[in-house]
Amino acid sequence: MDSEYKFDLAFRELVKNDNREVPEAVRNRVNEILSALPMRQPVLKKVCYFSAAVVLVFCCVLGLGLISPVVAQALKQIPVISYVFEKAGDSGLQATAMEGLATPINQTVSDNGIKITITEGVFDGARISIGYVQESYFGPMEIERPNIWVNGKKVNFGSGYAGKMLSPTKVAGIIYLDPPEDLPDSFTMEMVIDAVGIIPGKWDFKFPVSLGKSGLVTEPGITKSYKDIEITVKKVVLTPSTTNLKMQIKRPPKYYEDFRLYDDRELMLQNFGGYGTSDSNNGFETMQVSTSFAPVWGKPKYLVLRPVIHKWGEDQKQPPSPDVVTELTGKLPVTINQGRVGSLTVTKVEYLPDKTLVHYEVEGSDPYNQSWLLWLRDGQGRDYNINTPGTANPKRESEDRYAFVREFPACEKGEKLKAVTKQFDGPAFLKELEIRIPLKW
Amino acid sequence: MSQENEVRMAQKGSKDAFMRLIKNSELSMYRVAKSFLKSDPDCADAIQEAILKAYRTIASLREPGYFKTWLIRILINECKQILKFKNRVIPIEDLIVQSQQRDVFEQAEVLEVVDSLEDELRTIVILYYFEDLPLQEVARVLELPEGTVKSRLSRARAKLAELLGNQEERGNCYGQ
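Protein chains in written order, with my numbering: chain A, 1 to 441; chain B, 442 to 617.
What the hints contain is simulated information worked out from the structure, not anything from laboratory work.
Even glycine gets a Cβ: it sits at the ideal position worked out from N, Cα and C.
Accuracy of the hints is not assured; some may be wrong.
Stated by the list, open to error - Example chain B residues on the side facing chain A (calculated, C-beta under 10 Å, incomplete):
#1 Lys475
#2 Lys479
#3 Tyr507
#4 Ile523
#5 Leu524
#6 Leu558
#7 Glu559
#8 Leu562
As the list claims (entries may be wrong) - Heads up, simulated EDC-like pairs for lysine to aspartate or glutamate below, C-alpha to C-alpha not over 20 Å straight-line:
#9 Lys299/A x Asp400/A
#10 Lys6/A x Glu490/B
#11 Lys453/B x Glu432/A
#12 Lys254/A x Glu219/A
#13 Lys600/B x Glu257/A
#14 Lys6/A x Glu603/B
#15 Lys600/B x Asp2/A
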């Protein structure tokens, strides 16, 4: 064994000197597949059981399949029809559902043991959002990117997804579609899903789509550049459920970017994700990107886009940050330092029979990422984080400050709960690339 | 941000976080793929398929700390699929060419020596020494009992010591 130990020491020294690199052809294939990956909305894995009365109504609706327009209109009056938008949608879709802007679709197709029901939809000019419920004894699986036909012609859409487990065999979700520029205001959409997880099949839906209540459209055409990076905001569409930006980005492939968007009160609009295509030429990538943010409040005079530019490999050089653990059993509010990015203040903890609600506010340069980095630890050292059934995403509670509430599994009132978070630096903005977008209402 | 946080962000839907994880694992993926598949195009195919599968299923990864092991396991499955499809056997001529080349070079690169190992030993060496996975993780990735991995590692050490010892002798001859 001693000789094996010595061999290991010597061989590991040799291995350290191995300077093999990934061949350019292989690296290009990796970059190619990464660029082609569709953008994703957050996937919510928590288990959430809704009350018996709601279950009854919802199941009756699902059982109807294709329904007459009269029934559809009547069903529109029932709040539960927008259940999927309210429960699984982002804050923009939740607002859409509350305002009754979603249109019921209610089509069900079963194949290979998986039943998919398209429940409702909305098209606001910037994106098409389609609510669905998936039921399967295989357990919830991800829906493959659908094939879409518009008035009988196949069309490419960017797409993203979000999902919420309703039970071990049922998940409610939203399919987000980023429409191409030349889509008519009204059309018939056929959507075919050909796989759910590893199960192939055919789930074919056809329904009419009409442009709903939309908002402001502006084409600022503003370009900012810094060194070898150039960003152009081509179009901005403001709707009740989303703020959508269409941009062109030109830069070398050694960089990648993400965006923060602020209104005229310097309040950040949550980023819902986006979709992009890219073209490589002469060592530069030209990307056409469509990114959606939360809807604006009121009628801001302008928006400010702040890109964050990263260099591949730089982030990995940072050492891992340890947990910051703070007792919650003492007097509240309690403020927790999250490092250079800012701080988080827990204002209230509610011990309810079926859940624990933690109310908190964040201050800092990256409020939404800060708000995600909060979970609970109980007296036995068990963590309740996003992977724990019963833990929800943070929900914003106030329009004019970053106040959130987060749902965790039920705990005993006497439980010695601790808040856990991390410290991080927050985004480094390049002032030269900041773009102010004026809005004329 | 730590890798675990990146994994959590990717699980929450951040494509950017997923891309960073993959770029950080690019060299590891290439080394592991190369230990199974000889040609770079085949390695690229396996890596692409593994990336797609990982993107689709990352939400199902229970322990973010095991991301690398999980990714390598997906990749190895893809490599095996490609081998199965191609019914690949390394032609004996390739092995002869490799040993002739070692006669020409003054000092063999470690990876060439490792490449000359039989398949089942080569992959274990890559995972244990190059990817620095602990024995239990190597066993988990390859879906083998830990005892089997230990005994193959012992055989690999003996073989490597012999081959590297021979290389040193040849190097000394050229040095004269």
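Cross-check of the supplied hints:
A distance limit of 10 Å between C-beta atoms decides the matter here; for Lys475/B the minimum to chain A is near 9 Å, and the interface restraint holds. With 10 Å as the threshold, the beta carbon of Lys479/B stays out of range of chain A, its nearest partner Cβ sitting at about 13 Å, so the hint is violated. Violation of the interface hint for Tyr507/B is found here, the shortest Cβ-Cβ separation to chain A being roughly 13 Å, above the 10 Å cut-off. A cut of 10 Å between beta carbons decides the hint on Ile523/B: the least distance to chain A is about 14 Å, and the hint is violated.
Against a cut-off of 10 Å between C-beta atoms, the interface hint on Leu524/B is violated, since the closest Cβ of chain A lies about 18 Å away. Of the supplied interface hints, the one on Leu558/B is violated, with its beta-carbon coming no nearer than about 13 Å to a beta-carbon of chain A, more than 10 Å. Look at Glu559/B: its Cβ only gets to about 18 Å from chain A, farther than 10 Å, so that hint breaks. Proximity of Leu562/B to chain A is violated relative to the hint, the smallest CB-CB distance being about 13 Å (cut-off 10 Å).
Our distance criterion of 20 Å between C-alpha atoms is met by Lys299/A and Asp400/A, whose separation comes to about 14 Å. A distance of roughly 39 Å separates the Cα atoms of Lys6/A and Glu490/B; the hinted pair therefore is violated under the 20 Å criterion. Only pairs whose Cα atoms come within 20 Å are accepted, and Lys453/B paired with Glu432/A is rejected, the gap being roughly 30 Å. As the CA atoms of Lys254/A and Glu219/A are separated by approximately 29 Å, the hinted pair breaks the 20 Å bound.
A C-alpha spacing of about 47 Å is found between Lys600/B and Glu257/A, which places the hinted pair above 20 Å, so the restraint is violated. Under the criterion of a C-alpha separation no larger than 20 Å, the hint pairing Lys6/A with Glu603/B is consistent with the structure, at around 14 Å. The hinted pair formed by Lys600/B and Asp2/A meets the criterion: a straight-line CA distance of about 17 Å does not exceed 20 Å.
Of the numbered hints stated above, those contradicted by the structure are hints 2, 3, 4, 5, 6, 7, 8, 10, 11, 12 and 13, listed in ascending order.
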